[in-house]
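These protein sequence lines are chains A and B, in that order.
If you're matching positions, the first sequence starts at 0 in numbering that gives the first Met the number 0 and goes up one per residue.
If you're matching positions, the second sequence starts at 0 in numbering that gives the first Met the number 0 and goes up one per residue.
Just to be clear, a hint being listed does not mean it is correct.
Stated by the list, open to error - Only pairs whose alpha carbons sit at most 25 Å apart, straight line, appear in this in silico DMTMM-like list of lysine to aspartate or glutamate: (1) A:236 <-> B:180; (2) A:143 <-> B:121; (3) A:236 <-> B:127; (4) A:239 <-> B:143; (5) B:83 <-> A:230; (6) B:134 <-> B:196; (7) B:148 <-> A:216; (8) B:134 <-> B:174; (9) B:123 <-> A:171; (10) B:58 <-> B:174; (11) B:148 <-> A:174; (12) A:178 <-> B:180; (13) B:168 <-> A:216; (14) B:148 <-> A:172; (15) B:58 <-> A:222; (16) A:236 <-> B:196; (17) B:83 <-> A:216; (18) B:148 <-> A:171.
Quick caveat, the hints were computed from the structure, so don't treat them as lab data.
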Amino acid sequence: MLKDITLGQYYRADSVIHRMDARTKIVGTVLYMVSLFIFNNCICYALAAIFLITVMALSKIPPKFMFRGMKSILFLLLFTVFYNIFLGTGTVIVKFWVFQVTYEGIVNAFYMLVRLFMLYVGSSLMTLTTTPNQLTDGLESLFKPLKIFRIPVHEMAMMMSIALRFIPILMEETDRIMKAQIARGADLESRQISKRIKSLIPILVPLFVSAFRRAGDLALAMEARCYHGGDGRTRMKEMKFAGRDVAAWFVIAGYFGAVIFCGIYFKGFTDYLVAELQTGLELIVAFVKGIG
Amino acid sequence: MDERIVDIDQITYEYNRLDEEGNVEGTTKALKGVSVSAKRGEFITILGANGSGKSTLAKHINALLFPTEGTVTVDGNNTADEDKILEIRQCAGMIFQNPDNQIIGSIVEEDVAFGPENMGVESKEIRDRVDESLKAVGMYEFREASPNKLSGGQKQRVSIAGVLAMHPKCIIMDEPTAMLDPQGRREVIRAARALNDVEGITIILITHYMEEAVYSDRIYVMDSGNVVMEGSPKEIFSKPEELKKHRLTIPQVTQVAIALKEAGLNLPDGILSRKELVAELMKLKECRHPDGLKIRLTDKVRETRNELRD
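Full structure from sequences and hints, please.
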């Protein structure tokens with residue numbers, strides 16, 4: 000039952016985006032996220048959407064696959080929309096108790112919705128096209144300069160990749176322990192939440208014990224194979240920037256420049272939109288009243 | 000160059016027993032003056048029941064544990080010399096019991112590359128070594144698979160490839176087949192024998208399966224921290240009584256041969272494999288019945304025996 004969970008959401012395909020260096024993808028994604036949040040206007044979002052759709056098309060990932068995980072952030076989306084609509088500040092339309100609906104709030108809610116949606120799609124594009132291992136390697140290489148501050152970058156990356164390796168093994172183990180405890184009469188499917196939480200203990204304790212034992216064994220096996228930290232370590236698959244990465248950098252830089260330009264040039268756009276919304280709504284209200 | 004690649008000289012290993020609060024309760028001697036040596040290219044088996052100290056001994060050869068007394072020399076280097084530890088670990092690779100807990104990479108070839116990567120070998124050469132090692136254990140087709148999808152025997156062969164890629168002169172296998180099914184056991188032992196035969200790598204196999212010990216050049220038997228028997232498989236397995244004292248048995252084939260001999264068949268001592276037993280049975284022309292009657296094996300009987308063999 001627990002085996003069905005797939006880890007990481009890597010989608011195997013052969014595309015330019017897949018073959019790109021992990022570092023390019025990580026930095027590109029971060030820049031993209033920044034671009035979504037530095038400006039608050041429709042034209043920038045349109046640019047971001049065009050960029051996103053282009054990358055999506057290049058990555059050859061079926062859109063259906065992309066939106067499959069959308070459910071998990073649905074609550075977050077609803078909450079943000081609710082928060083912005085009912086708790087915003089500005090010109091008030093309706094007010095009751097602590098809640099107030101404002102014109103600015105409605106526009107902001109719409110913006111946040113678009114932002115979060117694109118944020119989600121953008122970051123999952125990265126995880127869909129990069130294997131967990133490439134990701135850790137990329138992160139290790141990017142954070143290497145932090146070594147000056149004595150931050151154990153290599154060790155952290157090594158921990159991450161070992162964790163990734165052991166998640167499926169520990170999942171299987173949990174499955175086995177659960178079955179063993181059920182066989183001994185443990186009630187794991189009780190309706191009562193307190194009982195259910197209590198029944199986790201006989202699963203977690205053996206799981207932890209076994210995890211520690213595995214960790215000890217693994218440490219020994221790593222030492223036996225000459226592991227002595229990141230110093231003097233080489234790699235079989237070296238990360239190399241290729242022509243496509245240079246091209247990608249130009250595209251990302253161009254995109255980022257365009258967003259900054261639009262952000263500054265169309266600065267008043269949001270205020271204009273709020274004003275438009277206000278007049279529009281007032282017209283509707285007047286119309287409704289007129290009918291009444 | 001010294002003929003002996005591994006030389007363990009009179010080692011003792013003590014560890015502290017702790018009570019529940021972590022205070023030292025006393026010391027336990029896991030090894031009590033053990034001497035074991037292996038020549039270059041030899042296939043050595045160390046037999047012993049649970050708790051006999053054989054795994055502790057194995058960890059000394061790889062400089063994972065250090066003797067309280069005595070010395071361990073691997074390829075001319077003393078394991079007590081801290082500057083030589085990496086060299087020793089490269090020279091004497093180690094395979095552990097649980098295949099899951101010794102595979103570090105999430106892809107087969109990345110795991111095999113782990114050792115050479117630690118040694119600082121150049122990228123291109125690592126690639127060559129990985130391919131070559133995977134081919135040597137017959138796992139080349141699985142190079143891009145996830146270790147989780149492999150069987151126990153396959154995982155253990157990947158571990159062997161991981162050690163091979165470090166170009167060791169000696170491989171220590173600490174009960175590599177204990178968690179495998181018969182099929183996996185055969186795969187691993189076959190791989191070990193091939194490395195010994197073809198590449199001339201010294202193998203030190205630690206096991207409690209008697210059948211696996213049959214192929215070795217020399218056997219050491221351990222019991223409660225001491226080496227109690229030493230000799231060729233034939234010598235060791237012709238003393239079932241003594242083995243029994245050390246909580247060990249003899250291979251099934253040998254048991255059958257002894258039983259047949261007691262029943263009156265004229266068989267020699269020290270039959271270790273099925274092939275040998277069949278060959279010896281084929282040579283028989285007559286057998287002695289316990290009552291003293293001589294029975295000639297007729298052609299008919301020999302024919303049936305041939306059929307049975309096939």
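Here is how each hint holds up against the structure:
Taking the CA atoms of residue 236 of chain A and residue 180 of chain B, the gap is near 34 Å; set against the 25 Å cutoff, the hint is violated. Distance check on the hinted pair: residue 143 of chain A and residue 121 of chain B sit about 20 Å apart at the alpha-carbon level, within 25 Å; holds. With a CA separation close to 12 Å, the supplied pair residue 236 of chain A and residue 127 of chain B stays within the 25 Å bound. Using a Cα cut-off of 25 Å, the hinted pair residue 239 of chain A and residue 143 of chain B holds, with the two alpha carbons roughly 20 Å apart.
At most 25 Å may separate the alpha-carbon atoms for a hinted pair to count; residue 83 of chain B and residue 230 of chain A meet this at roughly 17 Å. A C-alpha spacing of about 16 Å is found between residue 134 of chain B and residue 196 of chain B, which places the hinted pair at or below 25 Å, so the restraint holds. Of the supplied pair hints, the one linking residue 148 of chain B and residue 216 of chain A holds, its CA atoms being roughly 21 Å apart against a limit of 25 Å. The hinted pair formed by residue 134 of chain B and residue 174 of chain B meets the criterion: a straight-line CA distance of about 23 Å does not exceed 25 Å.
As the CA atoms of residue 123 of chain B and residue 171 of chain A are separated by approximately 36 Å, the hinted pair breaks the 25 Å bound. As the CA atoms of residue 58 of chain B and residue 174 of chain B are separated by approximately 12 Å, the hinted pair is consistent with the 25 Å bound. Of the supplied pair hints, the one linking residue 148 of chain B and residue 174 of chain A holds, its CA atoms being roughly 17 Å apart against a limit of 25 Å. Restraint check: the Cα-Cα separation between residue 178 of chain A and residue 180 of chain B comes to about 22 Å, which is no more than 25 Å; the hinted pair holds.
Of the pairs offered as hints, the one joining residue 168 of chain B and residue 216 of chain A holds, with about 23 Å between alpha carbons and a cut-off of 25 Å not exceeded. For a cut-off of 25 Å, the pair hint linking residue 148 of chain B to residue 172 of chain A stands: about 15 Å separates their Cα positions. Using a Cα cut-off of 25 Å, the hinted pair residue 58 of chain B and residue 222 of chain A holds, with the two alpha carbons roughly 11 Å apart. Annotation: proposed proximity of residue 236 of chain A to residue 196 of chain B is violated, straight-line Cα distance about 32 Å (limit 25 Å).
Proximity of residue 83 of chain B to residue 216 of chain A is assessed by CA-CA distance (about 23 Å); at most 25 Å being required, the pair is judged to hold. Restraint check for residue 148 of chain B and residue 171 of chain A: the C-alpha separation of about 12 Å stays at or below 25 Å, so the hint holds.
Checked against the numbered hints given earlier, this structure breaks hints 1, 9, 16; the rest are met.
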